[in-house]
Amino acid sequence: VVVIEDVAVDDVEEDVNVVVPDAAVVDNVAVVDVDGVVDVVVSDPTVVDNITVLDVDEDVDVVVSD
Numbered sequence: 437v438v439v440i441e442d443v444a445v446d447d448v449e450e451d452v453n454v455v456v457p458d459a460a461v462v463d464n465v466a467v468v469d470v471d472g473v474v475d476v477v478v479s480d481p482t483v484v485d486n487i488t489v490l491d492v493d494e495d496v497d498v499v500v501s502d
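Adding 436 to a residue's 1-based position in the sequence shown gives its number in the working numbering.
Among the clues, some could well be false.
Unchecked claim - Quick list of simulated restraints, FRET-style, between CB atoms: (1) Asp502 to Asp469: 28 to 34 Å; (2) Glu449 to Val477: 19 to 25 Å; (3) Asn486 to Pro457: 18 to 24 Å; (4) Val438 to Asp471: 28 to 34 Å.
Worth flagging that the hints you see were computed from the coordinates, not collected in a lab. None of the values given here were measured: they were computed from a predicted structure. Glycine included, C-beta positions come from ideal geometry on N, C-alpha and C.
Put together the whole structure using the sequences plus the hints.
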C-alpha cells in the first residue's frame with residue numbers, strides 16, 4: 437500500500453507541481469500562498485483526503501484521475 441501523507445507547499449513565488457501517480461491513499465496535501473501556477477495531479481488513488489489550495493494568484497489545476 438502506498439500512502440502519501442502531509443504534503444505542504446507554502447509561500448512560493450513560482451509554479452508548483454504536485455504529481456502523485458498510482459497512490460493508494462493521499463492525505464493532507466496543502467498548497468498555500470503561491471504566486472505562480474499550481475498543478476496537483478493524483479493518478480489512480482483509492483482514497484483522497486484533504487487537498488487544500490489557498491491564496492493563489494495564478495491558475496490552479498487539481499486533477500484526481502482513476
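Range hint compliance [Cβ, Glu449 to Val477, 19 to 25 Å]: 21 Å, holds
28 to 34 Å as the expected CB spacing between Asp469 and Asp502, which holds or is violated: 30 Å, holds
C-beta pair Val438, Asp471: status relative to the range 28 to 34 Å that was hinted: 31 Å, holds
Pro457 and Asn486 - C-beta distance against the hinted 18 to 24 Å: 19 Å, holds
Violated hints are absent here; each numbered hint is respected by the structure.
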